[in-house]
Each structure stands twice: as C-alpha cells, then as structure tokens.
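**Student:** Listed in order, the protein sequences are those of chains A and B.
Each residue of the first sequence is one higher than the one before, starting from 1 at the first, in our numbering.
Each residue of the second sequence is one higher than the one before, starting from 1 at the first, in our numbering.
I should point out that these hints are in silico values taken from the structure, not numbers from a laboratory.
Owing to the predicted nature of the structure, the values given are computational and were not obtained by experimental measurement.
If a hint is listed, it holds; no wrong ones were tucked in.
Derived DEER-like restraints, expressed as beta-carbon distance ranges:
#1 B:A107 / A:S189: 24 to 34 Å
#2 B:E279 / A:T12: 44 to 54 Å
#3 B:Y66 / A:I209: 50 to 60 Å
#4 B:K135 / A:S189: 26 to 36 Å
#5 B:A184 / A:V26: 26 to 36 Å
#6 B:T56 / A:R56: 44 to 54 Å
#7 A:Q218 / B:D60: 45 to 55 Å
#8 A:V26 / B:T56: 39 to 49 Å
#9 B:N262 / A:K188: 37 to 47 Å
#10 A:P65 / B:L276: 35 to 45 Å
#11 A:S7 / B:G96: 32 to 42 Å
#12 A:D11 / B:T224: 36 to 46 Å
#13 A:V26 / B:L276: 54 to 64 Å
Listing some non-contacts, in silico: residues in chain B with all C-beta distances to chain A over 12 Å:
#14 E80
#15 A107
#16 Y126
#17 Q150
#18 N153
#19 S177
#20 S220
#21 D251
#22 E279
#23 T296
#24 S298
Built from N, CA and C at the ideal position, the CB exists for glycine as well.
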Amino acid sequence: MWEWLKSIVSDTGIMSAVKVTFIMAVSSTAISSVLGILFGLLLERFSFPGKRIVVRINRTLMGVPPVVAGLVVYLLIMRRGPLGPLSLLFTIKGMVIAQVLIITPIISGMIYSYARKAAPSIRVFAATMGADRWQTARLIIRELRKEIYFCMVTGFGRSISEVGAVMLVGGNIKGRTRTMTTTISLLKSQGIFTEGVALGIVLLVMAFILQWICDLLQKEGEEDENY
Amino acid sequence: MKKKLLAVFLVAVMSFSLATCGEKKEEKKEETKETTEEKKEEKAEDKGKLMMATTTSTEDTGLLDYLKPVFKEDTGWDLEWSAVGTGEALKMGENGDVDVVLVHAKASEEEFIANGFGVERFPVMYNDFVVVGPKEPVAKTDDINTVFTQIINDQLPFVSRGDDSGTDKKEKKIWESLSLDPAADPNYIESGQGMGATITMADEQKAYCLTDRGTWLKQSKDATLESELEIICEGDKNLLNQYGVIAVSPDKYPEVNNEGANDFIEWICSDKIQKLIGEYGTDEYGQALFTPNAGTDS
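Here chain B stands alone, though its shape is the one from the complex:
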C-alpha cells in the first residue's frame, strides 16, 4: 500500500513539474512574439519575403543571422534561407524554388547562368581554408604546394574528412590540382567524421589537416584542452573560397521575387554591408571569418 502511494505521489510530482515546464516555455514564446511585433512596428515598409538558397557555412558561422535584421531595416524585405550544399542550392535555383542563391562554386555558378537559370553573378566575399598541424617538421608558408608535397614525400600523418562534404571535395581538388596522390602516403587517414572531430583527431595524432578557418577558430577557442596545432598554411589562392550571389532569372520563372533579389544583391555589395561582413567575427575570434570583395572580378 505504501509503495502504491509513493508511486502515485511520484507520478503526480512528475506531471506537475512537466506542466510547469510547459507553462514557462509558453510564457517565453509569448514574450518573444511581443518583442518581434514591437520591432516590426518600428520599421515602416514591410515588403514581404525573399527566399534564398545558400551553403551551410554562411548559416553555421552565424553570418546570415547577423545580416538579416539589417537587411530588413534597410530594404523592408524579410530574408529567409535554406542552408544546404552548394550543389543542392543551385538545384533549388534551377527549379525556381528560391529567388536568389548565395553559393561558392564559381564553375557551377557560371554554368547556372549559361543555362539561363540565373541573371548575373556578383562576387560578394570569400572565406578561406587553412592547413593546421604541428609546428614541426613543416614550416609555416603561404604556398600550399610546398606543404602538401612535403606531407606526401615525408609520409607525414594527415587526417582527411573522407565524408564527401564540401571541405572534403575541396581537399581532394587541391591534391588533384597539384597532381599529388594522397594514397601514396600510408599515414594519410580518413576520419569519416565532421570538421570538429577531424581537427581533434589531428591534434591527438600530431597530424595535419585541412579545415575552414571558421571551424578552426571556433574549435581552438572552445576546446577544453588547448590545441597543440597551429596554422601551417594560409593565404594560398588554392585555399580561397569565393562566394557569389545570383538572382534567379525572372524570364525563366516569372513568379520569382526578382525585385527583392536585386535589392539584396545591391544591398550586400554596398560599401556599408561589405564593411559589416569584414567586421563579422572580430569581436569573438579576434579575426574576421569572411573577407568582402564585391566589385572585383573574382
């Protein structure tokens, strides 16, 4: 009998605590709703929604969340996006599912325009990849060829993602463009895991690896144990990742929001926003995650 009572009591306590949890959440939701509504009232012209397809890196780094409210304030458009791989983002543009694409694969972008799906490509910014690894024996340089050649020749340990992600493809492409074969290095291993796990593994194995700067900065800042890796190679042209923005062609898909897309392109290439992009990340990581370069022919 006592046990039964205890059980009833426990169930009551649990359901009560669950109920209170739910209430709290609801309250919070209402609060945020109110604040967003207030914000909306402040801004005058509400033009509607602009749908963009972009790559995961722009979302993961928090850049889009940082730019969205400014865009709304400046132009009145509500920017929404779907962060997928570059290939899929362009596909969404080809199907007319989005109004504008912001991706990083110049060759595919040019093909996208040549096939009549996009209007014109404008360079926006670039981020870069870096090679990280132990200080010895590879000396710090800005020439990727030297680093990768030395890794192969001396059979140094190298951890590759090996998961067919954007970074993995970039790495494979660099090996290919230098006409080096990583399979010749018995210490070249594939982690089959995400960027963070791969960096941790490289740290453990005193190995080299290719990473995007954003993940590297975040990882070396947040990890419990201080990383013993350092940037070995940065600044090589092969390591740059150029982002371009393209409006989806209104000739092909008359229903797309071409006005909004053009506003977005003009806005993101403007001096003011380019400066904002160049400042993003400096507070948190001490250096910028993206380098603006609108107006160049990259």
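This is chain A alone, in the form it adopts within the complex:
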C-alpha cells in the first residue's frame, strides 16, 4: 500500500497534474474572488434601474454549466477567434479564464446575498459613529470576513473539481494542461480505476490541507484582534 502510494507520488505525470491543478485553482480563485467580492458588494451598495435584472442574470450564471462556459471561452481564444492572436488556447491561462467565468458569478451572487442581509444595519451603525464612506466600506468587509472566506473556499472547491471546461479549453495535454480531474477521466477511459481512485484521494487531501491552513490563519487573525 505504502509502496504503491509512493510510486504514484513519484510518477512525474501525476506530479505535474497536481502542479497544474494547484496553479490553476489558486490563480482562478484569487482572480474570481477579487472580481466577485467587488461586484457583489458594489451591487449591494448602489441601486440603479435594471438592478433586479442584473441580480437575476447573476443568479442564472451561478448555475452555468461549465462546458458551456468552456465552449464560450474556447470560441473566444481559438486561433480563428477574436482573441486568437494571444494564443491562449491549450494553456493554463486559458483554463483560468474559463474558471473565472464560472466562479466569479458564484462568489458575487453569494456575497450579494450576505451583504444585503448584513450591510444596512452596519451602515446605520457606522453613520451614528460618524464614519466616512471608506471607513464604512472597510467596516462592512470586516464584518463580512467569515462569509467572504466561505465564498473563497467554495470557489476553490469549484475550481479544483472542474473537468468539462478544463478539458475543452486546456486540451488535457500531458505535462502541460492535464489536471488531476482530467487525468482521472482519462484513466477511467482506459479502464484503470485504482490510480484514478488514488488521485481522487490526493485531490481531497489537498483540499483538506489547504482549508485547514486557511482556518488556522483566520483563527490567528481573530486572536490578534482581541488584544
């Protein structure tokens, strides 16, 4: 069992899949978080004509099938597409674009819901304390930090579990754009199940450890505040 795990971990193909997955998931979560949190908070803060439609579109996009997002990005960045000259197809960058398209609406939609509940009372409180606009905004973000963190974890979970869009845009090229999920899919098509399961376990362990680290960091932050 141990030898078997060792042989899997030392397999360069698998290690590169882990690396590709990690780079892709972290960068797409980071970009989507910035965009999604900003958009969600702004959407809550300002009202404008057609806002309800925007919210509804956002909610629809939260459930966009990843292959559809993948196909749209593919058409945009393929050689004969509008962004073709940038040659982003079959690269990690291209995969991140597709992921951002999938995850950003999820994060912004969640943030909007949370903010709509909590922000008005915070704003009233800030006003009574005589805070200016920036101080109010910072207070809102601070008060919502748990929710923001939860949204980011959700986004990360979505990005490491993605198969369809990543396969389409990334092309599952060995050593370059092959992620853990597309490796599992390929292994299955070859009838190799044990390695597939092993990779699945590695994927879960990776998510667990990362989340654990995030939890620790968050706790430390809270303790600091108490002083």
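Got chain A; can you put chain B on it based on the hints?
**Tutor:** Relative to chain A, chain B alone:
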C-alpha cells in the same frame, strides 16, 4: 393559495407531456416492429444467429449495419456482433463466446490460429491511416519515414492520442519501426482524448497527427469551421490496417456455429460483397473507407 394552484397546474402539465412522449415512443416502436416483421416474412430461410467479435472501427464507420441486411438476405443468417478492441475480440474467440472474429492484427491472428482456437485466416479488406497536418513545411509524400523523420528533426508540433487506443498503439509502433523516439521532440504532445478531439487540437495548433481515414473524412466534412489541415502522407505500407476473418475452431468448441461462420467467410470474400465494401462511403465522403482485398495474401 394561488402559488399552490400554479404548482399543481405545472406538475399536471409536466406529467401530461411526459405521458404523451411515452405514448409516441411506444407507437414508433410498434411501427418498427411491424416493418421488421414484414421484412422477415419476405425472406425465406431463417437459419438463426451468427455471433461475431470485431473491432470498433467496423461498427463506428457503419460498415456492419450496411452489410447485415445483405448477409441476411443472401444466406439467411442473422449477424450479431460485439464491437470491442482487437485484443478483446480475439479473447472472445479464445473463450468460444463467438462463432467468428473480424479483426486487424495479423500477428495476433496468426497466434490465435497456431494455438488452435481458429481454423484459418482469410484477408478481407484494409483501411488506412493518414498523417494530416498543415501544408508547410512537410511536403506531401507517400513515405511515412520522410514525414516522421522531418517532424522529429525539425521539432515540428505533433499531437498524439496518448490514450493507449488502437490508433495510439499503431502510432507508437510506427515510431518504433522507424527507430525514432518522439520524446526527442519537445513539441510532441499527448492529448489523452479521442480521435476527433485530437484532430481539432492539431488544427488549432497547426500540428501534425496520425488518424484513421474514416474519422478524418467524417471530421473534415462535419466540422463547423473548415479544417486547415490536409493529408500529408497516405499510402505507405506502414499505414495499412489489414482486416482478417477467422472462424472459431469447432474442434475446440463443438457448440460454435461453424456452418454460419463458414457461410460468412465465403460470403464476405465473394466478388459481390467485396465490391459492396469497396463502394461503402463513396456516396457520403466521395471516397471509400475500406479497400477490399480478399484472395490476396496480405
């Protein structure tokens, strides 16, 4: 209350539409049943079932569906098949699960006979692989050695299936027989996907790839965007894929349908059927997918 009513209404509409869908399907099924029954009545001698193991390519190209009714009409046997990989097809023959095998791996076929599982191998037809890629810089040729050597030496992009399929094995075998190592080319990539996806990727990357002619013809005909790839190499002996047909030995498995198997072999090697095979695909793709060559010693 209104909402409840609406929900009840929606559920009713959905279940009603589902029910009607089901009815329609049933009607269709009955219709097809009737038509097949009528056909059966027309044909006189119904001899029973002949079970064959074959490779996916003969099924995917639609060749077997095209030949099946003719076989039934000519001989009275009902041909049924299981389309799997060549290795698995021969395994089914070794286990006596099928009456006849139609596969494409000469060495394994000869071994199959040497081990007493098959009676005799008859060549039937071949299809071929082609190398497709951009017009430049590799010039069109019928020599695979030139093409593959140039790809390695100039480090040209090449997309391999890399999924251990029949085509993937064929490609690896060609590299090996030319004693070239594709790993020496940094632009040699493995898609890990099916033939169609691999061709699309090669088109995008302006790369070369090895494909069976059937998939290539279908892909270049059906794709939304016109492919910018062309056939760079065809006709080399290394690219041929010879199909052989073998009856499973009745000495080993007395219960196999040897009469039907012999009828099938005689039938598929006959001039009439060989001509039919040679015509298959010309309507749709403008060229044949298989080249008949029964009677030769390929």
